[in-house]
Amino acid sequence: MNRCLPLLLFAMLAIAGCQREERDTRPQSALGSGKQPTPVTVLTPGGERPSPSDNKAAAFEANAFHLSQGKRLFNWFNCSGCHANGGGGMGPALMDKKWIYGGAIESIHATIRDGRPNGMPSFRDRVPDDQIWELAAFVRSLSGNVPSSAAPGRDDDMMVHPSENRLPNAATLGKSP
Amino acid sequence: MKQVQQVAVKIWGACQRGYKAMARIDGRTKLGMIGWTLLAGFALVAGAVAQPAEPAIRPPAAAAPLDDGQWTMPAKNYASTRYSELAEITEDNVKTLQVAFTFSTGVNKGQEAAPLVVGDTIYIVTPFPNILYALDLARPGAPMKWKFEPNPEPAAQGVACCDVVNRGAAFSNGRIYFNTLDGHTIAVDAATGKPVWNTHIGNINIGETITMAPLIVKGKVLVGNSGGEMGVRGWIKALDAGDGHVMWTAYSTGPDAEVLIGPDFTPHYDMDKGKDLGVTSWPPDAWKIGGGNVWGWISYDPDLDLIFHGTGNPGPWNPDLRPGDNKWTSGIFARDPDTGNAKWFYQWTPHDLHDYDGINEQVLLDMTWQGKPRKVLVRPERNGYVYLLDRTTGEVLSAVPFGPVNSSKGVDLKTGRLIVNPEKETSTGKVVRNICPTASGLKDWQPSAFSPKTGLLYIPHNNLCMDEEGVEVNYIAGTPYVGMNVRMIAGPGGHRGAFTAWDVAAAKPAWILKENFPVWSGAVVTAGNVVFYGTMEGWFKAVSATTGKLLWQFKTSSGIIGQPITYRGPDGHQYVAILSGVGGWAGAIVSGDLDPRDATAALGFANVMKDLKDVTTPGGTLYVFRLP
Amino acid sequence: MRRIWVMCGAASILPLAGCSGWQSALDPKGPAAGELAWLIWFFTALCTLVWLLVMIALIMTLIRRARPIGDPLVLDATSERHKTRIVFAALGATAVILIGLTLLSFFANRTLAVIGSDAALTIRVTGHQWWWEVRYENSQPNRILTTANEIHIPAGEPVRFILTSTDVIHSFWVPNLAGKLDLIPGHENVLDLKADKPGVYRGQCAEFCGAQHANMSTFVIAEPRPIFDAWLNDQLRPAAPPASPEAKAGHDLFLKRPCVMCHKIGGTMAGGSVAPDLTHVASRQTLAAGTLTMSRGNLAAWIADPQGIKPGAYMPVVDLNGDELNAIVAYLEGLR
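Chains as they are written, first to last, in this note's numbering: chain A, 19 to 195; chain B, 1219 to 1846; chain C, 105 to 440.
Because the hints were derived from the structure by calculation, they are not lab data.
Hints are not guaranteed to be accurate.
A short, non-exhaustive set of chain C residues, derived as facing chain B with CB atoms under 10 Å [what the hints assert, rightly or not]: (1) ALA181; (2) THR182; (3) HIS232; (4) PRO245; (5) LEU249; (6) SER269.
Some but not every residue of chain B turned toward chain C, in silico, with C-beta under 8 Å [as the list claims (entries may be wrong)]: (7) VAL1497; (8) THR1498; (9) SER1499; (10) PRO1501; (11) PRO1502; (12) ASP1503; (13) ILE1507; (14) PRO1541; (15) GLY1542; (16) THR1646; (17) GLY1647; (18) VAL1650; (19) VAL1691; (20) ALA1695.
Only a predicted model underlies this, so the values are computations on that prediction, with no experimental measurement involved.
Note that CB positions come from ideal geometry on N, CA and C, so glycine has one too.
Looking at chain A on its own, in the form it has when it is part of the complex:
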């Protein structure tokens, strides 16, 4: 009996590993609205503004399901047509460390929702808000800015770059800062 107990506990632990995360396929109002306005600049006259934070943003960025959905939508909504698989083309590269309109997930969300003047279209009303968050989270994964345990792994298509969960953080390129 004494020998069985640790075995049993271990088995229970292993079973607990099967529960990876919740797949929220409906908008979860408990996570917050995700709709707070996001400034495009860091300059704030009269003292700095607290940086935007939203539970929703954090929840999406660390969630493998949302990231994989974002990856699917990135192709479906033709993001890849302009930004390729992150290297850019008609639009700027997304896998480098350069962000024209801010690299926080809130900024990327705002960029997709409202568009930007030099060619980024506005997807407001065309893409449900949660899907915009999924896209924004996936875009962050292209520059290695999401947990690698949640980022998408290799897909079955032509190898165009290392899978998102193996892409180094663009700001440090794998070196310690």
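Starting from the known structure of chain A, fit chains B and C onto it as the hints suggest.
Frame of chain A; chains B and C shown alone:
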């Protein structure tokens, strides 16, 4: 025969030099009148002497009149020869060429335009924001006369495939005509820089842009749209040069009435005969978003009174969504410039699988082919063949590859059909490796030049292959409609570009220069037997027109993808001008600051241009050269 | 005790009730399925016979009175020969039966292979998570029809199916008409079938393909040639223009809201191809790959909360108010 020809050429050269000497002495005084009279005399004499020894292959006189030393349209003349009769700069003295002046365009995108020279003024149009500059050649340092800023909609940059380029303006009757990225055609008074009219013909919200250089024929400004990667239905429009109203529109897909196919339409091959092929060779509705954009070059033959223009690739690139021949994409139309009515059509690449746009330049020539005098057009085509077409009927006389081609196995001259290699057919979810040429073609838009003195066509081109995988594609108006993962690699030999001198009569290369990067610039050839072209590292090169020997080169500030021109300045001397400034599809990795770690960046082009960022930086500058 | 046996017997018969009807391999409605059904029955019958014989032999051996064991070192030559004969006979019978069954299935496969060799109709079925894209091929490209989830075929004529997928492996199985065959990304499989008689036959994805695998079904509707032709011509027309002001409002909303990002409606700006073509959606009998029957109420329910009906499906919850929902439903309902 050849000796007589050479003698005649020498006499002609002497005449020119004589005239030039005269011009130098005379300057721009009253004596100029005498100069002209003398020139006429010389010309007569030369004509009489040269009569029996006329070059075997030459452009029709009506399409390529005697050179006046100006450069009023990007292709030099209606025959698109890009050949200048100026001969002050020769094979012997070109090595002393030096910079006369430079001018920064202030735009860091790909400079694909050809400068224009009219009278004492040089005109340049920049990539987006499409600024038109006029520089005064008569004053030292060529100061700015005026500039015209059309202020195109910045959002247009987001729907412009492959950099926000502009391929040049055109001059006619005291006005400069050019297109803006956001779909406007604008006429500007060449003297004052004041806009005369501005017609809005393209809608960026469906992905439509305009990058091509217009051509003015019989008081009509011919303009076509871009957007073959955005599911934009291609068209060519004729605008009244006087007031800018649209006189006719011919679509590249759809019912005959909209393609302007009527009873005059007599294509040579059976595959192009039938009613409404622009609808029936597509799945339902697909022709409405099927591409066939007219974003390239137009030629005009005044004798036949026909314009010739190509049509771009069918959309999307992924062929699974568009079974059928996809008329009238990736082909060439001959049209009546007055009505737009089609006379004939030939399809280079039916049911295109690899983005082989058919928009390259066509050089109009008269030559003897298999013992018979023929009116032909020569077309180094994106799918890898140099085509020789009878321009009265559209019959293919020959089609010979001018580089490595494995996506097709030749052209069936009986049916006119390209013989597709089934091993290189693409479809969704299938990775096909090592397809040559690439989506950018063995040769893209970069225009070639033809010299009647050598009978050679000077073709700047690529030497690339690619891997392709069709992927799921979704049409959303105003977004890309491609559906293909592309990864380009260097072609056989490892060099990514080449400059080939093509013997038109023998249908084989005379010589080939290998270049490290794709030769994305145009070419110009002169009566001085010098050919000019630029490389993406930034070298501006002069090579011998007969042997290809490098005679002179100059390193400009950025990679060159522009079109060189040569002109006679107000001082009577010959000048050579080129816009430097890397970009375009090939240079998007630099001008768009793309990340080469993604093999599919810039539709796969970035993969083969990884090292370009280490070699050059963006920046638009006009360079003008002269002899000391 | 006996009652329990009876109940068990009855319970074991119950599943067999599922063997008839519109999704059963044992109720063949075409030559391909017929061939397979015959094979199934023959295999089952033969195997049952063999099993019975083995059982009888076993039981006989068990109940035969045990003979006293003599000296194990002394061999009874006659008895040994007898036993050897029995073993070899059983071995031979097994080999003959196995070879026979192999040949039978081989010949059945040959029969299946030629069913569609002269097929006049080719249908390309592309599997998506979790619906079927159906394309009627035609040598005349402008008569190629793309629709979804409901496959009409002419009865009594062989039809060739080309099967492929864009995401994961699916399997196309319409048991009444043919065996199952996988839909593999980047690869084309060919399945031929014929429906002898008009009827509606249910099909089901038969390879686990994700969250909504169970709700990925299809209906093959076999109908007489004239009706099929009329249907095809009807489907080739562009979508009907909205008939009422409400439908017009729905049409405009459809083009302004997320619907336009994925769906196609022929003749409008909506040209998406990653979700079912809706040009004639209301002419279909079911919604969401056979999940719901087509009705105004179900349409509204599906648009209002697809994630409640088919959790994990790629149709998102779109923020629409009641009027907007009604308008879009009114428009879609008119797309016959």
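Structure-based check of each hint:
1. Violation of the interface hint for ALA181/C is found here, the shortest Cβ-Cβ separation to chain B being roughly 69 Å, above the 10 Å cut-off.
2. With a least beta-carbon distance of about 69 Å to chain B, the hint placing THR182/C at the interface is violated under the 10 Å criterion.
3. The beta carbon of HIS232/C is positioned within 10 Å of a beta carbon in chain B (closest approach about 9 Å), and the interface hint is therefore held.
4. Taking 10 Å as the C-beta cut-off, the interface hint given for PRO245/C holds, the closest approach to chain B being about 3 Å.
5. With a least beta-carbon distance of about 8 Å to chain B, the hint placing LEU249/C at the interface is held under the 10 Å criterion.
6. Given hint, SER269/C at the interface with chain B, holds; its Cβ is 8 Å from that chain's nearest Cβ, closer than 10 Å.
7. The interface hint given for VAL1497/B holds, since its Cβ lies 6 Å from the closest Cβ of chain C, which is under the 8 Å cut-off.
8. At its closest, the beta carbon of THR1498/B sits 5 Å from a beta carbon of chain C; the interface hint therefore holds under the 8 Å criterion.
9. Taking 8 Å as the C-beta cut-off, the interface hint given for SER1499/B holds, the closest approach to chain C being about 6 Å.
10. Checking PRO1501/B against chain C: minimum C-beta separation of about 4 Å stays under 8 Å; hint holds.
11. Below 8 Å, beta-carbon pairs count as interface contacts, and PRO1502/B has one with chain C at about 6 Å; its hint therefore holds.
12. With a cut of 8 Å, the hint placing ASP1503/B at the interface with chain C holds, because the nearest CB-to-CB distance is about 5 Å.
13. Taking 8 Å as the C-beta contact cut-off toward chain C, the hint placing ILE1507/B at the interface holds, the least distance being around 6 Å.
14. For the restraint placing PRO1541/B at the interface with chain C, the shortest Cβ-Cβ distance is roughly 5 Å, inside the 8 Å limit, so the hint holds.
15. Because the closest C-beta pair between GLY1542/B and chain C is about 3 Å apart, less than 8 Å, the hint holds.
16. At about 6 Å, the closest approach between the beta carbon of THR1646/B and any beta carbon in chain C falls short of 8 Å, and the interface hint on this residue holds.
17. This hint holds: GLY1647/B has a C-beta 3 Å from the nearest C-beta of chain C, less than the 8 Å allowed.
18. Checking VAL1650/B against chain C: minimum C-beta separation of about 11 Å lies over 8 Å; hint violated.
19. A least Cβ separation of about 7 Å between VAL1691/B and chain C falls short of the 8 Å threshold, and the interface hint therefore holds.
20. For ALA1695/B, the suggested interface contact is upheld, since its CB lies about 5 Å from the closest CB of chain C, less than 8 Å.
Of the numbered hints listed earlier, those contradicted by the structure are 1, 2, 18.
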